[in-house]
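Chemist: Assemble the complex: chain B is given as a structure, and chain E must be docked to it using the hints.
There are 2 protein chains.
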Amino acid sequence: MNYRMLIQYDGTRYNGWQRQQSTDNTIQGKIEDVLSRMTGTEVEIHGAGRTDAGVHALGQVANVHLDTSYSVEEIRSYLNTWLPEDIGILSVQEMPPRFHSRLNATAKTYCYRIATDPSLHVFDRKYLYPFTESLDRDAMKRAASYLIGEHDFQSFCARKTKKSTVRRVDSIDFEEFPGELRITYHGNGFLYYMIRIMTGTLLEVGLGKRDADSIPELILARDRSQAGFTVPARGLTLVEVGYE
Amino acid sequence: MNYRMLIQYDGTRYNGWQRQQSTDNTIQGKIEDVLSRMTGTEVEIHGAGRTDAGVHALGQVANVHLDTSYSVEEIRSYLNTWLPEDIGILSVQEMPPRFHSRLNATAKTYCYRIATDPSLHVFDRKYLYPFTESLDRDAMKRAASYLIGEHDFQSFCARKTKKSTVRRVDSIDFEEFPGELRITYHGNGFLYYMIRIMTGTLLEVGLGKRDADSIPELILARDRSQAGFTVPARGLTLVEVGYE
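Just so you know, the sequences run in chain order B and E.
Under our numbering, the first residue of the first sequence is numbered 1, with each subsequent residue one higher.
Under our numbering, the first residue of the second sequence is numbered 1001, with each subsequent residue one higher.
No wet-lab data here; the hints were simulated from the structure.
Bear in mind the structure is a predicted one, so any value in this text is a computation, not a measurement.
Hints are supplied without guarantee of correctness; some may be wrong.
For lysine to aspartate or glutamate, the following DMTMM-like pairs were computed, each having C-alpha atoms within a straight-line distance of at most 25 Å [stated by the list, open to error]:
hint	chain 1	residue 1	chain 2	residue 2
1	B	Lys126	E	Asp1124
2	E	Lys1126	B	Glu85
3	E	Lys1126	B	Asp86
4	B	Lys160	B	Asp52
5	B	Lys126	E	Asp1052
6	B	Lys126	E	Glu1240
7	E	Lys1209	E	Asp1223
8	B	Lys126	B	Glu85
9	E	Lys1126	B	Glu180
10	E	Lys1162	E	Asp1152
11	E	Lys1126	B	Asp124
12	B	Lys163	B	Asp152
13	E	Lys1141	E	Asp1211
14	E	Lys1030	E	Glu1044
15	B	Lys30	E	Asp1117
16	B	Lys126	E	Asp1024
17	E	Lys1030	B	Asp124
18	B	Lys141	B	Glu217
19	E	Lys1162	E	Glu1217
20	B	Lys141	B	Asp213
21	E	Lys1126	B	Glu240
22	E	Lys1162	E	Glu1150
23	B	Lys126	E	Glu1085
24	B	Lys126	E	Glu1180
25	B	Lys126	E	Asp1117
26	E	Lys1030	B	Asp117
27	B	Lys30	E	Asp1124
28	B	Lys126	E	Asp1086
29	E	Lys1030	E	Glu1085
30	E	Lys1126	B	Asp24
31	B	Lys160	B	Glu217
32	E	Lys1141	E	Asp1170
33	E	Lys1126	B	Asp117
34	E	Lys1126	B	Asp52
So here's chain B without its partners, still in its complex pose (with noise of 0.2 Å):
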């Protein structure tokens, strides 16, 4: 049976989603422990964004096909009875043996948090990125506006890569809450680092170190050097995924 788990995470202590070779500290490696030791198999995985180390979800989604009589009241009761605390699984449910969390998605939504004042951020401190120096709204707003639509993002991807860098963002909005300014990104997809570099880029036009209308141009040149810094991967988190 194929099922689609629902997952949050505080990604402050791991190297990331993605099962790699050299660490068994990864949320993916946590969950297959727990699902090939419910099994007595070898399990593997698919989540729908490889969120990179220190990075947080609130609604990661990933399927896995597994051999089992447990119902998927038991399954999730068994993966929140042995993750650790800093993993949750909200839900679990059956599907069609087609669906591929990654490959079906059709949206993704991730929230970039800033701490304009951090005293006011004591409780969840570990999910936003401190940042106290005064920002035109406004600039940042006007640039974001230029960076929506269908483009090719490869100045906001850290890795050269022969695979399309072509991606549409939906929208960006900005949020004011107490001490914090929020920027949610909409899209149907990411490049490898490319919401840490954008919101890096917005923060410098912020800053009125670069200016809102030089955004179609940095877009043009291809080039990752032309944008701006990396945010630290503290303030991001994976919102939601969705699915046609």
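Modeler: Okay, now just chain E, sitting in the frame of chain B:
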């Protein structure tokens, strides 16, 4: 000038509020150190609630007499710049010279958060006590009703003391959230470990290990050994301090 501060902290890594000879790892100590550096003199602050090791605060109140030309906003900013990320100063205000945060406090609110489904508390897990056994809420509420009022709470005090152990509990409220049972205590003051022992006793009632109607007898016994277990500090938060 006498200043009043509103303070939040994640108590996880501290040996409680109160400065101790044996350790500099207290919240009072951290704040005093920064204020001493700011003013160049020794400084003593007075906290309204002397929270134990591992206990958190959403609304601790403290006062301090300072000889400084800094404005209240500058004092707040200086503190937040130099304090660690897990202590936040929400506000600083000038007060009449006689104001004393502890001696003038007339009401305190604490909440104890129980994670009935810890998988739903990945992001605030450090502020809840995981407790997944099923609980009879009605029995717990009946037991709690006996604790309300002015009583000698010696049975719920972890320390022998010659001072009065009479306190007034104004209300004990039960709230249900997804995966969480939250118990909020309002009163004029609480003894050492009193809320944690009351909560442990209520949990034993919820488990059926103790009769709800045995509470009046337990109060009269004035004997700590007859009350329930002490729940961990991690679930306890000082929410608010009230003044007339």
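Chemist: Are the hints correct? Go through all of them and say.
Modeler: Hints, one by one, checked against the model:
{"no.": "1", "hint": "B:Lys126 with E:Asp1124", "in the structure": "holds, 11 Å"}
{"no.": "2", "hint": "E:Lys1126 with B:Glu85", "in the structure": "holds, 9 Å"}
{"no.": "3", "hint": "E:Lys1126 with B:Asp86", "in the structure": "holds, 10 Å"}
{"no.": "4", "hint": "B:Lys160 with B:Asp52", "in the structure": "holds, 17 Å"}
{"no.": "5", "hint": "B:Lys126 with E:Asp1052", "in the structure": "holds, 23 Å"}
{"no.": "6", "hint": "B:Lys126 with E:Glu1240", "in the structure": "holds, 24 Å"}
{"no.": "7", "hint": "E:Lys1209 with E:Asp1223", "in the structure": "holds, 18 Å"}
{"no.": "8", "hint": "B:Lys126 with B:Glu85", "in the structure": "holds, 15 Å"}
{"no.": "9", "hint": "E:Lys1126 with B:Glu180", "in the structure": "holds, 22 Å"}
{"no.": "10", "hint": "E:Lys1162 with E:Asp1152", "in the structure": "holds, 13 Å"}
{"no.": "11", "hint": "E:Lys1126 with B:Asp124", "in the structure": "holds, 11 Å"}
{"no.": "12", "hint": "B:Lys163 with B:Asp152", "in the structure": "holds, 11 Å"}
{"no.": "13", "hint": "E:Lys1141 with E:Asp1211", "in the structure": "holds, 12 Å"}
{"no.": "14", "hint": "E:Lys1030 with E:Glu1044", "in the structure": "holds, 11 Å"}
{"no.": "15", "hint": "B:Lys30 with E:Asp1117", "in the structure": "holds, 19 Å"}
{"no.": "16", "hint": "B:Lys126 with E:Asp1024", "in the structure": "holds, 24 Å"}
{"no.": "17", "hint": "E:Lys1030 with B:Asp124", "in the structure": "holds, 20 Å"}
{"no.": "18", "hint": "B:Lys141 with B:Glu217", "in the structure": "holds, 17 Å"}
{"no.": "19", "hint": "E:Lys1162 with E:Glu1217", "in the structure": "holds, 22 Å"}
{"no.": "20", "hint": "B:Lys141 with B:Asp213", "in the structure": "holds, 11 Å"}
{"no.": "21", "hint": "E:Lys1126 with B:Glu240", "in the structure": "holds, 24 Å"}
{"no.": "22", "hint": "E:Lys1162 with E:Glu1150", "in the structure": "holds, 18 Å"}
{"no.": "23", "hint": "B:Lys126 with E:Glu1085", "in the structure": "holds, 9 Å"}
{"no.": "24", "hint": "B:Lys126 with E:Glu1180", "in the structure": "holds, 22 Å"}
{"no.": "25", "hint": "B:Lys126 with E:Asp1117", "in the structure": "holds, 22 Å"}
{"no.": "26", "hint": "E:Lys1030 with B:Asp117", "in the structure": "holds, 19 Å"}
{"no.": "27", "hint": "B:Lys30 with E:Asp1124", "in the structure": "holds, 20 Å"}
{"no.": "28", "hint": "B:Lys126 with E:Asp1086", "in the structure": "holds, 10 Å"}
{"no.": "29", "hint": "E:Lys1030 with E:Glu1085", "in the structure": "holds, 12 Å"}
{"no.": "30", "hint": "E:Lys1126 with B:Asp24", "in the structure": "holds, 24 Å"}
{"no.": "31", "hint": "B:Lys160 with B:Glu217", "in the structure": "holds, 20 Å"}
{"no.": "32", "hint": "E:Lys1141 with E:Asp1170", "in the structure": "holds, 14 Å"}
{"no.": "33", "hint": "E:Lys1126 with B:Asp117", "in the structure": "holds, 22 Å"}
{"no.": "34", "hint": "E:Lys1126 with B:Asp52", "in the structure": "holds, 23 Å"}
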